[in-house]
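**Student:** Given chain A, work out where chain B should sit, using these hints.
Chains as they are written, first to last, in the working numbering: chain A, 1 to 734; chain B, 1001 to 1734.
Keep in mind that the hints were calculated from the coordinates and are not lab data.
Mixed in with the good hints, there may be bad ones.
To give a feel for the contact side, a few chain A residues facing chain B, derived at Cβ under 7 Å [stated by the list, open to error]:
no. : residue
1   : 140
2   : 168
3   : 344
4   : 404
5   : 421
6   : 427
7   : 470
8   : 576
Computed list of lysine-lysine pairs in DSSO-like fashion (alpha-carbon distance at most 30 Å, straight line) [stated by the list, open to error]:
no. : chain 1 : residue 1 : chain 2 : residue 2
9   : A       : 167       : A       : 520
10  : B       : 1076      : B       : 1093
11  : A       : 475       : A       : 227
12  : B       : 1094      : B       : 1069
13  : A       : 69        : B       : 1167
14  : A       : 349       : A       : 255
15  : A       : 729       : A       : 674
16  : B       : 1702      : B       : 1554
17  : B       : 1076      : A       : 76
18  : B       : 1112      : A       : 69
19  : B       : 1520      : A       : 112
20  : B       : 1051      : B       : 1076
21  : B       : 1167      : A       : 112
22  : B       : 1069      : A       : 112
23  : B       : 1051      : B       : 1025
24  : A       : 76        : B       : 1025
25  : A       : 306       : A       : 334
26  : A       : 167       : B       : 1112
27  : A       : 51        : B       : 1076
28  : B       : 1112      : A       : 93
29  : A       : 407       : A       : 272
30  : A       : 51        : B       : 1112
Glycine included, C-beta positions come from ideal geometry on N, C-alpha and C.
There are 2 protein chains.
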Amino acid sequence: MKKNVFIQKVTNEGRITLTEAESKKLLSRYGIPVVEEFIVHSENSASNQAKEIGFPVVLKGLGANLSHKTERGLVKLDLRSDDQVRSAFQHIKKSAGTDWEGCLVQPLIEGKREFAAGLYRDPQFGPVVMFGVGGVFTEAIQDVAFRIAPLSPEDAAGMMDELSSHKLLSAFRGEAAADREVLINTLIGLSELGLAYPDVMEVDINPLIIQPDGRVLAVDALIILKKGPDDLSYTSVGYSEEKNQDLEHDDNIRKVIHTMAHPGSIAVMGAKRSRGNDISDLGDIFHRVSNFGYPGRLYPINPNVKDIRGHKTYPDLASLPEIPDLVIICLQAKLVPDALRSCVVGNCKNIHIFSSGFKETGEEAGITLQTEIEQIARDGGLHVIGPNCMGLHVPSSNITTMPYPPKESGPVAFVSQSGGNARDFNRYLHARFGLGTSKIFSYGNALNMDCTDFLAYLATDDQTRVIAMYLEGVKDGRKLLRIIRNIVPVKPVIMFKAGLTDSGARAVASHTGSMAGNQKIWDAFFKQSGAIAVDSMEQLAETATALYYLEKTKGRNVAIVGTGGGMSVAVSDTCTKAGLNLPAFSDELAQKLYEFVPRSGNMVCNPIDAHFMFFNLEILGRTLNLLSRNSGADMFIISLQLDWIFTASGLQAQYLETIARYIADEGRKNIHGKPLVVAFRQYEDNPEVLRHVVMMRDIFLKAGIPFYEGLSTAVLMLSKLAGYSEFCKGFKSR
Amino acid sequence: MKKNVFIQKVTNEGRITLTEAESKKLLSRYGIPVVEEFIVHSENSASNQAKEIGFPVVLKGLGANLSHKTERGLVKLDLRSDDQVRSAFQHIKKSAGTDWEGCLVQPLIEGKREFAAGLYRDPQFGPVVMFGVGGVFTEAIQDVAFRIAPLSPEDAAGMMDELSSHKLLSAFRGEAAADREVLINTLIGLSELGLAYPDVMEVDINPLIIQPDGRVLAVDALIILKKGPDDLSYTSVGYSEEKNQDLEHDDNIRKVIHTMAHPGSIAVMGAKRSRGNDISDLGDIFHRVSNFGYPGRLYPINPNVKDIRGHKTYPDLASLPEIPDLVIICLQAKLVPDALRSCVVGNCKNIHIFSSGFKETGEEAGITLQTEIEQIARDGGLHVIGPNCMGLHVPSSNITTMPYPPKESGPVAFVSQSGGNARDFNRYLHARFGLGTSKIFSYGNALNMDCTDFLAYLATDDQTRVIAMYLEGVKDGRKLLRIIRNIVPVKPVIMFKAGLTDSGARAVASHTGSMAGNQKIWDAFFKQSGAIAVDSMEQLAETATALYYLEKTKGRNVAIVGTGGGMSVAVSDTCTKAGLNLPAFSDELAQKLYEFVPRSGNMVCNPIDAHFMFFNLEILGRTLNLLSRNSGADMFIISLQLDWIFTASGLQAQYLETIARYIADEGRKNIHGKPLVVAFRQYEDNPEVLRHVVMMRDIFLKAGIPFYEGLSTAVLMLSKLAGYSEFCKGFKSR
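Isolated chain A, as found in the complex (with noise of 0.2 Å):
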């Protein structure tokens, strides 16, 4: 671990702040540009220094023990003369009593422009690096940007984009737009100073001033460090260090679990006749494992009965004919320590907790059963899925421990801590959207193994092509970040982050971190990983149908032809707030389109509004061929108003089948592989059409075309697979 000779005195002093000479030494061996400043000692030297300089200076106080400097009178700005001066260090010395070690003497710095940077050591995330408006508008506007470290150029200049006064930073009011190479080597440096140094706590750089002529400095700065080896709020790992566990780490625990994924032996200890059917049937893990056709040797632990479904039951665990490659615990909570001691002296080392009860009941009773089993299983060398969980299911093995899932086999793999939404998105997934699941881990408490190894496990898995996940919270971010970040170019990573305030208690005594929030810090993760960020359950499932099913965009320019009239006004809004254009047609492609397109009753511009179309379909054909060669888009939306259609076509919902076909079919062809979606709107319950809607699905599924109720949820998954292309391009680029 690096020890500057700066933090190395302060700690030896026990101190925790290092003064601002100090800091902004430390702060310019990172490439920060600080600006020049004297110590002095007496009132003389101070007014020598003055003169040296050059007329207006700042005083300030400078000390271990000084802080608030502008609320205790130690800072005097603007000091135009050598009795100013001279009085302004009376004045100083005077007020800041026996704290007083020094004045520091400072050129005044023009410079309407103030902004801030800084760094904190988020408890999740590691060191976090700050940008935003400074001076006494920080904490009141609060237009801050945050970056995870290690920071790149890319970074770090995405922060400048993303405030809302990146504006100032530009050429401004006659004055000379910000050097931004200096403004990204800031705010590199203050990620590399926090990689380097893990008991710098926080770093503030405010006020970061923009001269007149564009030239960056910091005025005044700050370092906290860490209180000493009790603070919890630390990370004291290095990014080198992290890197190289990485590798080790994720080889292990790929072998684990694709023993736990394939087992050829499964004992499940708690498991019970069930009682037919019936709603307790569903928590009856058992039932599930057997029912689902689990092909291996399936071993009922249960000391009361001699036999369930069938299978012999055994006592214990020690009973076994073998040890079997994956223990699933269903007992009561208070139980569950005893059954890991029997696992540990079995030398069965892979476990699925069923059971609940532990921490996430928020007692003190559960808290202390989590802990005690964390012990066993840390001490047993065992690797444990849950507690409190649904568990594996991989229907290519026919292993399941979820309530009667679909059977079929896909390219989406889940990763989530919620059970239900396990089951959820699974049924969801396949029913509207016709794709099955490679893997699905739900993994609950997250005892000893957590999202990131399952990530890595499913990183290089055949089988899975789109990794969604459902996060409440994570224990190592920034090891999250890191593998999300290296499989994002490979296979889409989609995520629904749930909870405002999730579990990683923010420390809210850091200055900086008190602006970051839970929301603000999640944002700059999903910038900088890469995975794709959705509000709801549904939108991860929907999201993960367009990655799976159309091809990276060239661009955000879309072209939309279906019934209109005031949809065309909603979903030009639509697209507006979602990044995405509506290319205008130029006056040459519209005379093309006239020559087949009756003027009366037809609007053809974009959205093109030709309801005539949807009963000549070889028009609708000619139109998407034209499109897609002449009209600039690099997607396409289709937009159905079934109901519509059905009563135009003299109520033939058979009608929708054929429109569904000609645009699985021709229609495809003629958009020359650009990606399409199909929209639909159907709000009456006619039974004949409801059913042709899951036809129409069907055929357009087959063909590769997601089909999403409503053009909104449409345009956003355009939306969507264009931020992953760029993201793509760019990590490609790089």
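**Tutor:** Okay, now just chain B, sitting in the frame of chain A:
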């Protein structure tokens, strides 16, 4: 019209800008505190005046043609000596050249907190007041709030509270809280000035300084007048005049619309023999009217056939046996002017023009045609719905011009610029929420009847309990604000405002106006009118349903009962974002619940996660009763995962109906009149379950319980209800 002495002088001199001194004098007459200042014309008087004020002082150039004073070096701040004042005077005089008319001497006003206040005249909404962050940050940060004049004290207070930087107005870093009363009076003063002088196009006060002791002072100000009578961005009518005009106009238009909505006779110009039930038929208005069972006298006008659908045809209006109460024109656009002329000749005053091909085409021919018919209508005193619109739907008098609408009459009125949206809204509301409509007006291009006219009618229409609107733009935004503000305390008005850049081409020449943008003005509109903003057509119907069925709420506390886990975390986030609270249950309440809720497998917190209750409905009732009495909840959501319940019930779909009946009957009784909505999730394509969803919906809606797909929608609806309830409360107490 009032003419201020300064304004008169400026106008006489051919100027459009008041000098700084003139501007401040006018502002001070409206109770706005301005810095004391003195006009000087010689170096000596500048020097004397500075000594009298006391150093430091500020010197500024003064002149009718002086603008960009800072950039031109005509502002000298912080002058601390006689020498500095004299040198500054000479410098300014020289820089200003022939534009120089004198200098202003002001004391230097101390204060870090710089705000800006202003006024601009919006083409749609008239005088609009602005308040926000001032100084160099004004445009860069754009932390600004707007309100449409006239401002109430509550409006002014709301502007302050709405700013991100509102913290700066409280006690801040050792400085006192800003004088709130003076700030409120400043904003109201700007509003009154704007209403009193229609010549004032723009007022900019920047900075408006908050001094360390909290006093508020306008340090710089500028007033700009209209350029001349051709300046279109100009409203000429004063506020009290507006109100008087409303009364008379609304009375007349109500009678007109009543006749159109309940016509004894209708003539259809352009009626034709339809070709049967196919796509072309949908556009056949005569078919629509006759098919819907219109009971009055119906006259098809068509010189080429003898009869249509058993109705004798007439060659023209003149041949009719009476003057029809309503004439519907569905001719080609180019034939419409002559048709309108024949209406004028025949004294037929009430017209619906279905035809399109006018302004909405964006093409010159169409725009010219619209100007032509506008002139004919004005000269002939015609009342015209349309052109380019779907027209009317009044099921209670069996009249419609819409394609295949539901027959049922109901409590919801709909006013829409888009015909397609009118059709869809009607169907969606009926099919999904069992609600019929009282009246629908689709008015398209709004030739001379705008949404404000239909609102005036619906305000006093007994059939209408809730008003829904789809709006892209409005001619008279001020009237819209006045009329909705009056309706809202009696009937909720729900509006989907589409079109991020609407037709009212905002005056970008205005400095203050350029920061308003369309969205910010409409935000102000919603806050001031009490109209409930929604984001989509679906949300419009959902919200209409909530506000029709639910009583007003007393607060924002929600209790949720249902299937939980990961959904609980997500719904907490949704509540937070929607501004609702999920109050934690007291230990005492939890104890009481645990008397009949088993601890195992159930979580007795908010949301309650206790699946078994749906299979022991009496417990569900007891729980609701207890929560209603002891949890502090003002509103309730019951969340049903239908697929799960279906599976857990042993695949008994009819059990879903049992649950619905229990909640609709016993469940509802147990919450003692507080608002209750039921949310459901249903993912799988099981036709039995789908059929039961429809049955459950009927049961719930008959019991007055809105039934929504998705917890997020349920939460959002309760937040809309809370917003409406709060607005009405505030309105009553005023």
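**Student:** Would you list, in rising numerical order, the hints stated earlier that this structure does not obey?
**Tutor:** The structure breaks hints 3 and 24; every other hint is satisfied.
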